[in-house]
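Work out the full structure: start from the sequences and follow the hints.
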Amino acid sequence: MQRRGNHWSSLLAPLLGIMLWTGSAAGADARHAECPPKPLVPASRDTISASMLNALAVHPDGTVWAWGNNQEGQLGDGTTETRYAPQRVKNLSDVVAVANGEFHSLALRRDGTVWAWGNNSFGQLGTGLPGRNLTPVQVPDLTDVVAIEASAYFSLALRRDGTVWSWGDNGYGQLGDGTKDMRSSPVRVQGLENVADIAAGYRHSLAVDQDGTVWSWGHNGSGQLGDGTTAQRNTPAPVPGLTDVVTLEAGNFHSLALRQDGTVWAWGHNGYGQLGDGTTTQRNTPAPVPGLTNVVTLEAGDYHSLALRQDSTAWSWGFNVLGQLGDGTTTHRNTPVQVSKLEDAVAIGAGSNQSLAMRANGTLLGWGDNSMGQLGTGSNFRDTPVRLKAVKHGVTASLTLHALVLREDGTVSSWGFNLDGQLGDGTKSTRAEPGQVLGIADAVAVETARSNSFVLGSDGTVWAWGSNSSGQLGDGTRTSRITPLPVQGLTNVTALTSNGDHVLALRQDGTVWSWGGNTAGQLGNGTTSPSLTPAQIQGLSDIVAVASGSFRSMALRRDGTVWAWGANNFGQNGDTTTSRHLTPVQVQGLSDVVAIATDYGHSLALHADGTASAWGYNNYGQLGDTLETSRSIPARVPGLTNVSSIAVGSLHSLALREDGTVWAWGYNGYGQLGDGTLAPRHMPAPVPGLKHMRAIAAAGDNSLAIRKNGELFSWGSNWFLTIGDGVGFAHTVPAPVLMP
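Letter 48 of the sequence shown, counting from 1, is numbered 48 in my numbering, and no numbers are missing.
Calculated from the structure, these hints are not laboratory results.
Keep in mind that a hint or two might mislead.
Taking lysine to any residue and the SDA-like style, the derived pairs with C-alpha atoms no more than 20 Å apart in a straight line are [as the list claims (entries may be wrong)]: (1) K180 - N234; (2) K341 - H692; (3) K708 - P638; (4) K691 - S644; (5) K180 - G221; (6) K180 - G162; (7) K691 - K708; (8) K708 - R657; (9) K90 - V137; (10) K708 - D659; (11) K180 - T235; (12) K708 - G639.
Next up, the structure:
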């Protein structure tokens, strides 16, 4: 029976990406390489997992929580007491995935090690030793693991090199080592070398190769191996006629496959309609589940199946006597039905007779059998989802190659690339998860550039750290800093912005001050010479907002006009020319503007009526006008209304609407539009699953949004670990940031 939780990313998720320059929260260099071919994707982190008797969940801080039956110590809390609400698993941290069988549990740590606890009667803990363990112990000699699976009495692990390892019960050849001998230590599954994902049924196993072919072995009495027979096998063999598969799931005696096109295929036992084909007829070969499209995640219980679609809805079918389908009934379904009261799911999990889901805000939900407390709700079975727990964090953020988040208490967290000390933690060590910036206790705003970080204090002072090669720290030197220091001679600041190697600060009196690099005149002082300390930009007064891109700057006056200076090769200064400007010039045709955003190539302006205008570089549709033609004067973005906030990355644009939804358009080679694809968009479209948001940020190939309750979500390129969820490469859908 399948013991696996959510694939956090969509089926298009991590790109084995190419390293590209990214810019500040206001943008970056517009030069981009072509997007690499879309790879098949291995399973991502499994953050929730359920069995017949209990359940596991990974908290965003890397700890593991468990609840339900505990007679064999499978909850890992050092006892054998049943828990009706989640309890923390002892001595286990930095976990990225969990899996559980009926009486044993597995956890995968970020360092690639596997930990096991609970019953060990068939060697399913993999320790090589007899006896159960009430707390986690490491599986010896098993390293570099990227995915784990636990069935009732055996376990599987996928290593980074594409090999599969197995241990535990082997009475039906489910370990795939050519024997039926029980194994108390991991052995290699024969003949598999390029595996991308694995699944464990009750007594059968599945694997999908990097080329999208599926392999199966073990018990086959219900045709669950999909080879057209009911003969069991002790070694893997390919499943005929099934291609382009990206992930697999296995129930007791049925199997599921998700193809790259978002369709689901099923085979095996079908006595309760768990194949979803409208019948209860067993199938010995794969067949599509009719009417189910745009699926990003699958799950299988003993005799029921779950699917998470790209629109964040969950669908279920099969056995339902205990309400495990979540549709408000106890009627079996032989075709998919939507799970009730669940429209913003990002993760799903299936146990024997119960189901779990995680909402985008971290809330856990459960439904189905609860006789052993496995739903964690402290109540009897449920036929619709009920809430377990939630988490919340942060208030505002900025990101480039690294990210900063302002916390509610005025402290600042940082993560990502740190070669120049831009994380402010006193080191130059890159970090994939948030840590605290040293010495900051009263911040009111944060800002990032490629190699720098800036904080605006509640007293109007500016603090800076990171690279200082162009004087961008404003301390009169070119000495880089790995902890925050104040910018000299600058007080009463109300806003600041930076991109690349220059900085702008807006003071309370409406004047604008600039410092740092100036090769394109981005400091607005009439020269191309750098400045190591802040100086006032002449001719600018009554300014209420500033924005910066690589080699260029913008300012918004109180009268609703916009002014720009610096690089202008794509018409991004909006004055009908493509000539650079060393001093501010007025952007043509704009009035009643209330907010501005820019990167190196294009700019956005938000009008008082909730519409937005765009101009500049447009090769990927980032102006949102259905075209790919650059423009040197602003024009309204069609169909975009009720906007409350705007942001731009190097080649994409974001808008936050008053209803709390986030809209995105432009380049999408790294999933920065958050729609689960890599396809560009020439017109704004909502980012699926994001509701009740209050702030957005964009930089380079990254996007970030904050929910009204403080939870952070990030998506796009993660080559420099800017997503902050501890997973490398990229996300094509929003992922929760693992705030401490």
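Task: Hints breached by this structure - done: Hints 3, 6, 12 are the ones this structure does not satisfy, whereas the remaining hints hold.
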